Amino acid sequence: MAATKKPKINNALQALTSAALILPGLVPTTTLADTEEPQSYFQYSHYEEDKRDLINISSDRAPLSVDTFQLGSGFNISDRIHFGFNVVQDTWSGATPVSTAPLAINSNTPILKNSDNGVVIVGASPLLVGQVLLDQSLMPLTLSEGTQTPVKDNRLVHILSSASPETRQQADFNLAYQWNEAELILNGGLSLENDYKSHFGGISGRWDLNQKATSLKTSLNYTHSNIAAIIDHDAAPYLTKTAYKSQIELREGSEILHGTRQDWAASWGINQLINKKAFVEANLSYTHSSGYLSNPYKATTVIFVDPNAFDNNQTINGNVQALLEQRPNSRNQWAISANYVQYIDMSDAALHVNYQFSHDDWGLESHTFAAKWVQPLGQGWSISPRIRYYSQGSASFYQPYLVSVQNFRQSQVDATGREIWVDVSNPNNGVEYFRDDFFNLVDNAGNLVDESTLNVRNKTETFDATKLPKYFSSDHRLSGYGVLSGGITLDKQFTKGISLQAGFEYYSHAGNLKLGGGGESSFADFDYYVANAALSVDLDAAAQTLSSHQHHNKQGKHHAMPTGLRFAHMLTQADSWMFGYSFMHSQRQGLMKQGSKSVSDEAVVQQDCGTDLCRFTQSDMTMGMHMLNIMYAPTDWLNIMLMPQFVSMSMNLRELEGRPAARADVHEHSGVGGHTTGGVGDTVVAALLQLWQGSGQQVHAGLGLSAPTGAVDLEFRRIARADGGLVHFGMQLGSGTWDFLPSLTYTGVHNDYSWGAQVNATVRMQAQNKSGYRLGNRVETTAWLSYQMLSWLSTSVRGIYSAEEAISGDFNAFNGRIGPIDYPNNYGGQFWDIGLGLSTQMPHGELAGNRLSFEWLQPLHTDFNGAQLQRDGALVVSWRYMF
Amino acid sequence: MVNRNIIMRILMLALFMLLNACSTVSPWEKGYLAKPQMALNPYPLQSNVQAHIYGSREAGAHINVGGGGGGCGCY
Amino acid sequence: MMLKQQIIAITLLISHTLVVNAQALNSSSPSCILTSTQLQKFPVDLKQFSGQVIYIDFWASWCPPCAKSFPFLNQMHHRFQTQGLTVIGVNLDESFSDAKNFLEHYPADFMLATDDSKQCAKDFAVAAMPSSYLIDRQGMVRYAHVGFRAIDKPSLQAEIESLLAEPIVVN
Chain E
0 MAATKKPKIN
10 NALQALTSAA
20 LILPGLVPTT
30 TLADTEEPQS
40 YFQYSHYEED
50 KRDLINISSD
60 RAPLSVDTFQ
70 LGSGFNISDR
80 IHFGFNVVQD
90 TWSGATPVST
100 APLAINSNTP
110 ILKNSDNGVV
120 IVGASPLLVG
130 QVLLDQSLMP
140 LTLSEGTQTP
150 VKDNRLVHIL
160 SSASPETRQQ
170 ADFNLAYQWN
180 EAELILNGGL
190 SLENDYKSHF
200 GGISGRWDLN
210 QKATSLKTSL
220 NYTHSNIAAI
230 IDHDAAPYLT
240 KTAYKSQIEL
250 REGSEILHGT
260 RQDWAASWGI
270 NQLINKKAFV
280 EANLSYTHSS
290 GYLSNPYKAT
300 TVIFVDPNAF
310 DNNQTINGNV
320 QALLEQRPNS
330 RNQWAISANY
340 VQYIDMSDAA
350 LHVNYQFSHD
360 DWGLESHTFA
370 AKWVQPLGQG
380 WSISPRIRYY
390 SQGSASFYQP
400 YLVSVQNFRQ
410 SQVDATGREI
420 WVDVSNPNNG
430 VEYFRDDFFN
440 LVDNAGNLVD
450 ESTLNVRNKT
460 ETFDATKLPK
470 YFSSDHRLSG
480 YGVLSGGITL
490 DKQFTKGISL
500 QAGFEYYSHA
510 GNLKLGGGGE
520 SSFADFDYYV
530 ANAALSVDLD
540 AAAQTLSSHQ
550 HHNKQGKHHA
560 MPTGLRFAHM
570 LTQADSWMFG
580 YSFMHSQRQG
590 LMKQGSKSVS
600 DEAVVQQDCG
610 TDLCRFTQSD
620 MTMGMHMLNI
630 MYAPTDWLNI
640 MLMPQFVSMS
650 MNLRELEGRP
660 AARADVHEHS
670 GVGGHTTGGV
680 GDTVVAALLQ
690 LWQGSGQQVH
700 AGLGLSAPTG
710 AVDLEFRRIA
720 RADGGLVHFG
730 MQLGSGTWDF
740 LPSLTYTGVH
750 NDYSWGAQVN
760 ATVRMQAQNK
770 SGYRLGNRVE
780 TTAWLSYQML
790 SWLSTSVRGI
800 YSAEEAISGD
810 FNAFNGRIGP
820 IDYPNNYGGQ
830 FWDIGLGLST
840 QMPHGELAGN
850 RLSFEWLQPL
860 HTDFNGAQLQ
870 RDGALVVSWR
880 YMF
Chain Y
0 MVNRNIIMRI
10 LMLALFMLLN
20 ACSTVSPWEK
30 GYLAKPQMAL
40 NPYPLQSNVQ
50 AHIYGSREAG
60 AHINVGGGGG
70 GCGCY
Chain D
0 MMLKQQIIAI
10 TLLISHTLVV
20 NAQALNSSSP
30 SCILTSTQLQ
40 KFPVDLKQFS
50 GQVIYIDFWA
60 SWCPPCAKSF
70 PFLNQMHHRF
80 QTQGLTVIGV
90 NLDESFSDAK
100 NFLEHYPADF
110 MLATDDSKQC
120 AKDFAVAAMP
130 SSYLIDRQGM
140 VRYAHVGFRA
150 IDKPSLQAEI
160 ESLLAEPIVV
170 N
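Protein chains in written order, with numbering that gives the first Met the number 0: chain E, 0 to 882; chain Y, 0 to 74; chain D, 0 to 170.
Because the hints were derived from the structure by calculation, they are not lab data.
Note that this is a predicted model, so its numbers are computed, not measured.
Backbone N, C-alpha and C define an ideal beta-carbon position, used for all residues, glycine too.
Honestly, I wouldn't trust all of these hints.
So these bits of chain Y aren't anywhere near chain D, every CB distance computed over 12 Å [what the hints assert, rightly or not]:
#1 Pro-41
#2 Ala-50
#3 Tyr-53
Cβ-to-Cβ under 7 Å is the rule here; a few derived chain Y residues that face chain E [stated by the list, open to error]:
#4 Leu-44
#5 Gln-45
#6 Val-48
#7 Gly-59
The calculated SDA-like cross-link candidates involving lysine to any residue, where the alpha carbons are at most 20 Å apart (straight line), are [as the list claims (entries may be wrong)]:
#8 E/Lys-276 - Y/Pro-41
#9 E/Lys-240 - E/Thr-459
#10 E/Lys-275 - Y/Glu-57
#11 E/Lys-244 - E/Gly-258
#12 E/Lys-466 - E/Lys-276
#13 D/Lys-67 - E/Ser-124
#14 D/Lys-99 - Y/Leu-39
#15 E/Lys-50 - E/Leu-142
#16 E/Lys-276 - Y/Ala-33
#17 E/Lys-276 - Y/Ala-38
#18 E/Lys-196 - Y/Gly-54
#19 E/Lys-469 - E/Asn-294
#20 D/Lys-152 - E/Ala-847
#21 E/Lys-276 - D/Lys-117
#22 E/Lys-491 - Y/Ala-38
Just chain E, same shape as in the assembly (with noise of 0.2 Å):
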């Protein structure tokens, strides 16, 4: 007889009780990306809005466009553990709308400029402030173009303001854990801008009932946000902010406007199947806000009308303001969404149907309808068109712009009628004047007062701010309003799980697509587009055609090299692929340098700005540069790759000690933050060759070719009607010019010890870019040694010397010219540095194939070219899969 064994308990039963332990409250989910597939991805998107209709006049700003990457990777830890890792960054630009007005004050004002054909207008200048004149319907009035006499005109208009480059940068992760029937998922991140900072966290969870036909899913999100939004210096003084004078903060002439956020958002969902061809999935979510909810940026424009202005049969004049936006501080959302997916036999395809409603507090309601086709076309293609049809309803508070009747400011006055008077320098310290018959000034006893020691004006009073909405916004995001958007996705799956994506988005947002009618007018409508690139590789499809070649583990020695290094690693095995992604940071900060020694600001400012004096230099620099590498072998002797470059600059300025004063025709940085740019930068293309092979020791040369796709005609905003003129030449984005870049690379490895030595090079094939300059060539040579501690972890020594020429040419457009940072002289030099590396590697199990490097380089001695900001070193961090 046989032993009969106590049988193993159900893995599915065991699920099952723990899931249910974890559910009782039924836990809520935000979106997270599947985390059943390990994959590694990056996507890159470009959003660009059309330009708005100032109706009488045409804006030369551009329109507001976003360029974005996003880059992350999932892992499975252990069979049942789930670790994926996401990082975005936004950079965005151009011209969006700070408040609406009546056409009639005419905000958005002609720039003017001399041209052979006489004078033309070359933009718009916004307004916030003014005069408008009203009917005594308070109808705004605009004069008629021949005969000038005033008649109605209700038509608006947004005024538009521009902003210079900002970026904002995110990190998450999502950590899972996966029984049988159930999943548990936290997940956590940042969210960092100059002006908005977020932290998020959450807890979702996904139960599987009946043999996985039935789904429940639920999730609980929170986020919290500080908002620090420095008030645009230049709208500023037009701008009422009496609402939010406690949250407001004074720095270095700025004003800077503070503000706290919570976000609660939870949701249940369940997901069903209909039958083997069909399922339904169903959501509902709630979410709560609470805190400053309105945005610093917006403002509404506000008409006060005198009370008295209507006594006489005329026109009246209004006053025209701009109110800080003020919304609610607390706003409950409540929204269902079903999703319908269906399969279609006669084409193999899907057919996506989307319904979703929501509603809040606010008062607004949207519909959304939306449904796609995802159609195989074989030979790994697909092709997906969607349409979308979106509806919402204004929110209670939206207004394009109010209307006051009472004085914006106006006198005070005494019980008795008398006009009071203060002093400037004290206004609030109880003493007040007043005028005799005579104008002389007295005291509230009617004592004279000595009028010369004072400096005495009216006492005024502003608006009472009970008489306006206690809640307004003129935010056209708002108004009532419907959207049409359609688009198209084409995928291709190529072998060893490489997927590339690339889509196409058109969007139209118009008044009178709402619904039901009653939308904005068309003031409010505009259309963007937005395309996007993306690629992925399925790990595990990866490590499957991995462990078949097993080659990685005979090159595993080489790749123990310095992550620092370009065109350094070769893949010696035939169709094989290496896809890697690298992070390089590096800090200025401090002093300035001349040649290698420290300079005093007074020096700087007379010898380095050619024959001007210098104003200003920076106090400190960051830049972080991405670069994805996408590497693949052909044959054993030749490798070619591809190399997109991601770059985000940001630098803070301060004035140099004895510099002279103000130029009258430039507008100076002045107040707190500095300024930022960012988005695609370089794209470099190259082929490696081997030349020779000995034992261990391999020579192979690189040739490079670099593509100017970076931007190198950045400019800062224009403010008021001083044009920003072109950002510094160091932080333009790319070279701007077709580069070569030739290299020679030597490697030799010897048991637990590797080494090699590279010359390579930056030759720049034209004699100059769009904006009229030229970076200088350069050349670098290094050398490293680097040792096998263990079988997972290898550490790296190598020393580094180059040299830059200086920039030559000079832009072709105007530049602020505000300190040694804009002079082609001042930049280029002789660098020797150390690289400190330490690399770590899976030799086995699930994460093999994987590496993670990083390297520190540390400045030893520099030689600058003219006079520049200190080196402090850089850090370089990459990541390699290589299958």
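Following the hints, complete the assembly by docking chains Y and D onto the known chain E.
Chains Y and D alone, transformed into the frame defined by chain E:
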């Protein structure tokens, strides 16, 4: 209170019936549901971009509950 | 009162999900006869392997963990074939061409069969893909596994070894 009780009962019954009525898909019949075009979110990267933009351009609440259901139902 | 009803309702819901009872362990294996000859030359009757340890695995082409299990099934087949282990991979695809395509990418050295009527899968109460059962030399189902994860490999192998070590008892 009575009303709530009845509603509760009806809801429970409805859910129970729903689960019963739909549980006709055998584990080995999920080949169609496992196809990539049948995923709840066939292009997650792209829909991520869209959701971000819709969220900044529209004031209606957006639900974005991902994961679960459909698929191959594999373990 | 209300609470009691809720408890009953929830219990009903949960019990409903458990209606899918897996093949009872330590009971006789269903007498499967796989008649289709698409993957095998002759009908396969589980009875014909009595006295052997049977590792029966239900799989489909669209199931990612099934693909991961094939190298392991091959390995078990090669290592324990001579000691009396029979590995049978029962395909449950609706279309045979999908199975054929899958086998080109994930070749199987063990015995393959097709369950056209899905009767065998129903008899075994297959609850998810993949599902596998270990049947001892007496024809008793001794172990059942749903899914396939790398972490399952050592225990699966240990179970196979323990069943192989059990003596053959002739009734």
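Evaluated hints:
no., hint, verdict
1, Pro-41, "16 Å, holds"
2, Ala-50, "27 Å, holds"
3, Tyr-53, "32 Å, holds"
4, Leu-44, "5 Å, holds"
5, Gln-45, "5 Å, holds"
6, Val-48, "5 Å, holds"
7, Gly-59, "3 Å, holds"
8, E/Lys-276 - Y/Pro-41, "16 Å, holds"
9, E/Lys-240 - E/Thr-459, "17 Å, holds"
10, E/Lys-275 - Y/Glu-57, "36 Å, violated"
11, E/Lys-244 - E/Gly-258, "12 Å, holds"
12, E/Lys-466 - E/Lys-276, "61 Å, violated"
13, D/Lys-67 - E/Ser-124, "65 Å, violated"
14, D/Lys-99 - Y/Leu-39, "28 Å, violated"
15, E/Lys-50 - E/Leu-142, "27 Å, violated"
16, E/Lys-276 - Y/Ala-33, "10 Å, holds"
17, E/Lys-276 - Y/Ala-38, "12 Å, holds"
18, E/Lys-196 - Y/Gly-54, "17 Å, holds"
19, E/Lys-469 - E/Asn-294, "16 Å, holds"
20, D/Lys-152 - E/Ala-847, "19 Å, holds"
21, E/Lys-276 - D/Lys-117, "18 Å, holds"
22, E/Lys-491 - Y/Ala-38, "16 Å, holds"
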